[in-house]
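Can you build the whole structure from these sequences, using the hints too?
2 protein chains.
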Amino acid sequence: MIRHVALFTWTDDATDEQKAAVATALATLPAAIPQIRAYTFGPDAGINPGSHDFAVVADFDDLDDYLAYRDDAGHQAVIAEYIKPILASRAAVQLSL
Amino acid sequence: MIRHVALFTWTDDATDEQKAAVATALATLPAAIPQIRAYTFGPDAGINPGSHDFAVVADFDDLDDYLAYRDDAGHQAVIAEYIKPILASRAAVQLSL
Numbered sequence: 001m002i003r004h005v006a007l008f009t010w011t012d013d014a015t016d017e018q019k020a021a022v023a024t025a026l027a028t029l030p031a032a033i034p035q036i037r038a039y040t041f042g043p044d045a046g047i048n049p050g051s052h053d054f055a056v057v058a059d060f061d062d063l064d065d066y067l068a069y070r071d072d073a074g075h076q077a078v079i080a081e082y083i084k085p086i087l088a089s090r091a092a093v094q095l096s097l
Numbered sequence: 001m002i003r004h005v006a007l008f009t010w011t012d013d014a015t016d017e018q019k020a021a022v023a024t025a026l027a028t029l030p031a032a033i034p035q036i037r038a039y040t041f042g043p044d045a046g047i048n049p050g051s052h053d054f055a056v057v058a059d060f061d062d063l064d065d066y067l068a069y070r071d072d073a074g075h076q077a078v079i080a081e082y083i084k085p086i087l088a089s090r091a092a093v094q095l096s097l
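Protein chains in written order, with UniProt numbering: chain X, 1 to 97; chain A, 1 to 97.
Keep in mind that the hints are not guaranteed to be accurate.
Since copy identity is lost for identical chains, a pair holds within one copy or between any two.
Capping the alpha-carbon separation at 20 Å, the derived lysine to any residue pairs in SDA-like fashion look like this [unchecked claim]:
no.: 1; residue 1: 19; residue 2: 29
no.: 2; residue 1: 19; residue 2: 97
no.: 3; residue 1: 84; residue 2: 48
no.: 4; residue 1: 84; residue 2: 49
no.: 5; residue 1: 19; residue 2: 92
no.: 6; residue 1: 19; residue 2: 96
no.: 7; residue 1: 19; residue 2: 78
no.: 8; residue 1: 19; residue 2: 77
no.: 9; residue 1: 84; residue 2: 13
no.: 10; residue 1: 84; residue 2: 27
Simulated from the structure, these hints should not be mistaken for laboratory data.
Since we're looking at a predicted model, the values are computed, not measured.
Structure (structure tokens):
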């Protein structure tokens with residue numbers, strides 16, 4: 001299994017509407033990309049100071065399925081239209097489990 | 001459910017032995033902390049450039065269980081003895097799912 005983890009911080013001038021639109025757009029992907037086995041995402045819960053602002057954890061059966069997701073045109077459109085305009089920083093890891 | 005996600009980068013002078021010791025130490029925690037529902041961790045798989053070096057994804061039934069893990073003395077000892085000596089940067093999010 002490949003578990004893809006990505007954490008984002010948003011720009012200071014990102015609006016609540018822009019932040020919410022990221023989640024709304026990501027929520028469309030599991031129905032559109034059959035390679036996704038499990039998909040969790042959302043804003044930081046605000047428990048600890050200094051956290052990043054948003055997380056995505058996505059599970060795939062294997063590397064090919066992860067790459068299909070990574071390079072999917074619909075996924076890339078979500079990144080370009082909703083994430084990149086408010087992205088301040090990104091941290092990511094792929095775990096091979 | 002609370003899903004805790006933490007990504008680390010290691011210092012340039014961290015040795016392979018030090019990096020491996022982090023995983024060995026983390027592997028002891030699920031048996032020691034009964035609040036952990038699921039625990040995945042490991043080094044980045046090397047698929048994409050610019051990734052962080054290591055990830056932990058830990059699931060808990062609720063906030064109290066996450067806090068018990070966060071503040072557990074054995075967990076704090078792993079952080080102090082194995083992670084902090086080679087830690088260059090850390091990114092974390094807690095998802096409320």
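Hint check results:
Within a single copy, residue 19 and residue 29 get their C-alpha atoms as close as 17 Å, which meets the 20 Å cut-off; across copies the closest is 34 Å, which misses it. In this homomeric assembly, residue 19 and residue 97 come within 20 Å of each other (Cα to Cα) only across copies, at 17 Å, whereas the closest approach inside a single copy is 31 Å. In the homo-oligomer, the alpha carbons of residue 84 and residue 48 lie at most 20 Å apart only across protomers (18 Å), although the nearest pairing inside one protomer, at 25 Å, exceeds that limit. Proximity of residue 84 and residue 49 under a CA criterion of 20 Å is satisfied inter-copy only: 18 Å between copies versus 24 Å inside one chain copy.
For the homomeric pair residue 19 and residue 92, the shortest alpha-carbon distances inside one copy (19 Å) and between copies (18 Å) are both at most 20 Å. Taking the closest pair of Cα atoms, residue 19 and residue 96 come within 20 Å of each other only across two copies (16 Å); inside a single copy the shortest separation is 29 Å, beyond that limit. Proximity of residue 19 and residue 78 under a CA criterion of 20 Å is satisfied intra-copy only: 12 Å inside one chain copy versus 35 Å between copies. With identical chains, the CA atoms of residue 19 and residue 77 are at most 20 Å apart within one copy only, with a shortest distance of 16 Å there and 36 Å across copies.
Proximity of residue 84 and residue 13 under a CA criterion of 20 Å is satisfied intra-copy only: 13 Å inside one chain copy versus 33 Å between copies. When the C-alpha separation of residue 84 and residue 27 is checked against a cutoff of 20 Å, the pair qualifies only within one copy, where the shortest distance is 17 Å, while the shortest distance between copies is 36 Å.
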